[in-house]
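Peer 1: My request is simple: use the sequences and hints to build the entire structure.
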Amino acid sequence: NAGVMQNPRHLVRRRGQEARLRCSPMKGHSHVYWYRQLPEEGLKFMVYLQKENIIDESGMPKERFSAEFPKEGPSILRIQQVVRGDSAAYFCASSLGPPNTGELFFGEGSRLTVL
Amino acid sequence: TQLLEQSPQFLSIQEGENLTVYCNSSSVFSSLQWYRQEPGEGPVLLVTVVTGGEVKKLKRLTFQFGDARKDSSLHITAAQPGDTGLYLCAGDNAGTYKYIFGTGTRLKVLA
Chain A
48 NAGVMQNPRH LVRRRGQEAR LRCSPMKGHS HVYWYRQLPE EGLKFMVYLQ KENIIDESGM
108 PKERFSAEFP KEGPSILRIQ QVVRGDSAAY FCASSLGPPN TGELFFGEGS RLTVL
Chain B
3 TQLLEQSPQF LSIQEGENLT VYCNSSSVFS SLQWYRQEPG EGPVLLVTVV TGGEVKKLKR
63 LTFQFGDARK DSSLHITAAQ PGDTGLYLCA GDNAGTYKYI FGTGTRLKVL A
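Just so you know, the protein sequences line up as chains A and B, in that order. Start counting the first sequence at 48; every next residue gets the next number (the numbering used here). Start counting the second sequence at 3; every next residue gets the next number (the numbering used here).
Hints are computed from structural coordinates only; laboratory data are not their basis. Here a beta-carbon is modelled for each residue, glycine too, at the ideal position from N, C-alpha and C. Do not rely on the hints blindly, as some may be mistaken.
[As the list claims (entries may be wrong)] Covered by chain B, according to a simulated footprint, are these stretches of chain A (three or more residues, beta-carbon under 8 Å): (1) 77-89; (2) 95-106.
[To be verified] A few chain A residues that don't get close to chain B, going by computed Cβ distances all over 10 Å: (3) V59; (4) R61; (5) R62; (6) E65; (7) F112; (8) K118; (9) Q127; (10) G132; (11) P146; (12) G156.
Peer 2: Structure follows, in structure tokens:
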């Protein structure tokens, strides 16, 4: 049973380009969370999604960032017109049930570097 | 905004020593989790505590949840180099959808 799979593991973009990060949750998990981790810091919540629905996006910047979790396929975190401050590790987690009911399983992260 | 403050931020100790890491907040959490994260990897869950005053042991690691469910501690006995990593606490509040992560404690155990 594969764990949470994220790709790419490393992504380099120039300022103004778009970054797309993908996350396939654990088999059977329909709850997906995205977190951002800056160097030497903890994880900051960005968004919580269920299949085809955004449940809580209170941690997402209002502009340039979007997330989706379609009926088929992985969850996508999309960053448009990247800036240097977007450089960070982006972690995806999944859970079997809703928050507060079980363990969060994390992927290995996608490390975005903006030149 | 709920905040989880961890202390110390950095800790470097010799193999065999004991240590305690603290996770404090002014908010009440339904449950609190401890994770360990190694460089280049995602966080891995160590334990979840849900009852005020609860103590859980995982080999040489002892976790305690404060009576008021606002704070927690992680005590490691006889630390080993394999314990090196970033320790993160995370709390969730009933009715919210996000786990709030602490600022992290970076532990280095020297052989």
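Peer 1: Confirm or reject each hint.
Peer 2: Results of checking the hints against the structure:
Against chain B, the region 77-89 of chain A contributes 5 residues with a C-beta closer than 8 Å to a partner C-beta. That satisfies the three-residue criterion, and the hint holds. Requiring three or more residues with a Cβ within less than 8 Å of a Cβ of chain B, the coverage given for the region 95-106 of chain A holds, as 5 such residues are present. Non-interface status of V59 (chain A) relative to chain B is upheld: no Cβ of that chain comes within 10 Å, the nearest being about 16 Å off. Non-interface status of R61 (chain A) relative to chain B is upheld: no Cβ of that chain comes within 10 Å, the nearest being about 24 Å off.
Taking the minimum C-beta to C-beta distance to chain B, about 25 Å, the non-interface status of R62 (chain A) holds against the 10 Å cut. No Cβ of chain B approaches the Cβ of E65 (chain A) within 10 Å, the least distance being about 24 Å, so the stated non-interface status holds. Every Cβ of chain B is farther than 10 Å from the Cβ of F112 (chain A); the closest lies at roughly 15 Å, confirming the non-interface assignment. Listed as a non-interface residue, K118 (chain A) keeps its Cβ farther than 10 Å from every Cβ of chain B; the least gap is roughly 20 Å.
Every beta carbon of chain B lies more than 10 Å from that of Q127 (chain A), the smallest distance being close to 23 Å; the non-interface claim holds. Every CB of chain B is more than 10 Å from the CB of G132 (chain A) (nearest about 19 Å), matching its label as outside the interface. Here P146 (chain A) does not stay apart from chain B, with its beta-carbon only about 5 Å from theirs, under the 10 Å limit. The claim that G156 (chain A) lies off the interface is violated: its Cβ sits roughly 5 Å from the closest Cβ of chain B, which falls inside the 10 Å cut-off.
Checked against the numbered hints given earlier, this structure breaks hints 11 and 12; the rest are met.
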